[in-house]
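Can you make the complete structure from the sequences, with help from the hints?
Going down the list, the sequences are from chains Z and Y.
Numbered as in the numbering used here, the first sequence ends at 1172 without a single skipped number.
Numbered as in the numbering used here, the second sequence ends at 461 without a single skipped number.
Honestly, the hints are just simulated from the structure, not real lab data.
A short list of chain Y residues far from chain Z (calculated; beta carbon distances all over 10 Å):
no., residue
1, Ile168
2, Arg228
3, Asn231
4, Ser259
5, Ile263
6, Lys303
7, Ser307
8, Pro310
9, Glu316
10, Ser320
11, Asn327
12, Gly342
13, Ser345
14, Lys391
15, Cys397
16, Val433
Cβ-to-Cβ under 8 Å is the rule here; a few derived chain Y residues that face chain Z:
no., residue
17, Gly359
18, Arg360
19, Leu364
20, Glu386
21, Arg414
22, Ile415
23, Asn417
24, Leu420
25, Trp421
26, Thr426
27, Glu427
28, Thr448
Glycine included, every Cβ here is placed at the ideal spot set by N, Cα and C.
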Amino acid sequence: MDFTDPMLVLSSWIGQIVDFGLYLLWRFIHIVVTLWYIVSGIFEAIESYAISLGLVQKYSSIDIEKLKCLAVVVDIEAAQDVSKVIELLQWLTTIGVKQVGLFDSQGLLKKSKDMILEMVPRSVLLQETGEEGSSPDGIALEFISSSDNKEAVVKAANILLHKYLKSSHPGNDEGENVFTESHLNEALRVVGENVHVPDLLLVYGPVRSHLGFPAWRLRYTEIVHMGSLRCMRYGSLLKAIHRFTGVRQNYGKSFFLHCYTD
Amino acid sequence: MLSILSTVLTFLALILIPCLFISRRLSVPLISFTNIRRLINVAASQCDEEEESGTSGKKEKQERLPNHVAIILDGNRRWAKKRGQSTEEGHEAGSRKVIKIAMDLFTLGTKTVSLFAFSTENWGRPEDEVKYLMSMFEKVLKSEIPYFQRHEVKVSVIGNRTNISESLLGSIREVEEGTMSYKDRHLIVAIDYSGRFDILQACKNIAKKAKNGLIQVEDIDENLIDKELMTSCSEFPNPDLLIRTSGEQRISNFYLWQSAYTELYFPNVLWPDFDKAEYLKTLTWYQQRERRFGRRV
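The following block contains the structure:
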C-alpha cells in the first residue's frame, strides 16, 4: 500500500493551514498596534486639551531659558498653509521662545517670509538681531531650506579647499589645520549660514524624519515628532518643550546620570 | 476539555476573522508569509538559511522593508544600574544582543545594519570603562569571525582610527579582510565615529584628490562628498530607519549627512532589552509611515 501521496497531500494541507494561521496572526498584530496608536492618540489629545486649559499644574511654568534655539521642520504640504505656521509661531511667542528656525525642504516658508514677519507680533529676522541671536522683546526667526544643508556645506568645503591649495606647504600638509570643525563653522558663516545648533527640533509632518534639516547643526539636537501641522495642539507643544527642559544630556560622557524630572 | 477547546477556538475565530477584514479595509501593509515564518522561526532559534537566497531579496524590496537599519545602542549603563550590576556587565549584556539582533535583521531581509558602538565623545568616559569597551570590541570582532563567515556577513568598521590601539586595529583588519568577499549582508560597526568628522574627512579626501589633480575644483558637489563619506563602503549608504534605544530623542552626531530622510524611531526600551518583539513593533511602525523624500505628492 502506498502511503506517500496521501501523506504529501496531508502535509501540504497542514502547511497551508499553518500559513493561513500565521497570516491571521500578522494581521492581528497590525490591528493591535494600530489600535494601540489610536487609543494613545486619544489620550494624548485629552491630555493636550487639559494642558491648554491650564488644568495640569506641572506645565504651568516652564524654564524657557534652557531653550535658546528652537527649530521647526514642516512637511512641504503643511508649509503651503502659512496660517498654521503663523499660529504656531504666535504660540511660541506666548510661551517665551526667543529664537526659532523654520525649515521646509523646498523653501516655501522662505518665500512667505515677509508675510510671516508681518503677521507674527514682535518678530524680526535673525540676521537683524546681531550676535546675541535673539530679540529682547519678541522672537527672532530664521528661514531655512535644503539649500542651506548639503549645498551650503559644499560651498564651505570649497572655501576651505581653496585655502588648502593656497597654503604654503601643501606637500606635507594633510589638511589637519584646514579641515577642522571650527574652520568649517567659519566657512559656513562666510557663505551666510547660521551654525547655531538648535536645542530642540519639532517635526510637523507624517514622517518622523528631519527631512534634510542642515546636517551640520543637528549634532545634539533633541528631535520630537509632533504629528501633522493641521492637527497641532498648544498642549502638545507645551508638553514637548517642558519635556525638553527636563532632559539632561551627557554628550557621550558620564558627568551625571541621565534622567527626566517628571 | 472538548468544550474548553471549542470555546477557545470560537473566541479566536470571533476576534481574528473580523480583524482580518478590518485590516484589509485599513489597507495595512503586510510582510510576506515567508518573512512571518522566518520571524517565528528566528524566535524559536530555527533559522532556515536555505530560504534566504534566490529571489527572496526582490520580494522583500517590494514589501517595504528597510534596506539599511542604523542602531544607536543606548542604555547599557542604565540597564545595569536598574539591576544593581556594574557598567561592564551592562556593556556585556549589550554586546550579546548586538550580533543576535543584527542577524535577525539580516534574516528579515535587511541588507545593511549599522551599529553606533562608540562615539568620539565617548572618549570622555571613565578610563576603565573606555578600556573595557575597547577590549570588548577586540574580543567580539576576533571571536566572531567564523560566525560572520558562516553566515556570509561582510563586516566594516568605520570611524577615526588614529586613537585606536594596535591590537584592536589588528582585529579590525582581520575581520574586514576575512569577510570582504561577501555582498548580501553588510554589518557596519562605528567605533570612534562622529558625523561631523565624517563630513570633514570627506572634504579632506576631496582636497587631496584636487591637489593631486585627480579632480577639478569645479567638480566638487554633494555627490562627490557622498562618495567620500565612510558609509560609501555600503551599497545602501543612507539608512532607511534609525533606531535609538533608551528613549533618548536625538541622533548624537551619528550619520548627520546620511540621515536626511531617515525614519527616526526612539523606543523607550534599553538596548539589552531590545528584542525581536521590539523590532517587530518597529517594523510595523515603519511600514505605516509615508516617506516622500522631500518631494511633493
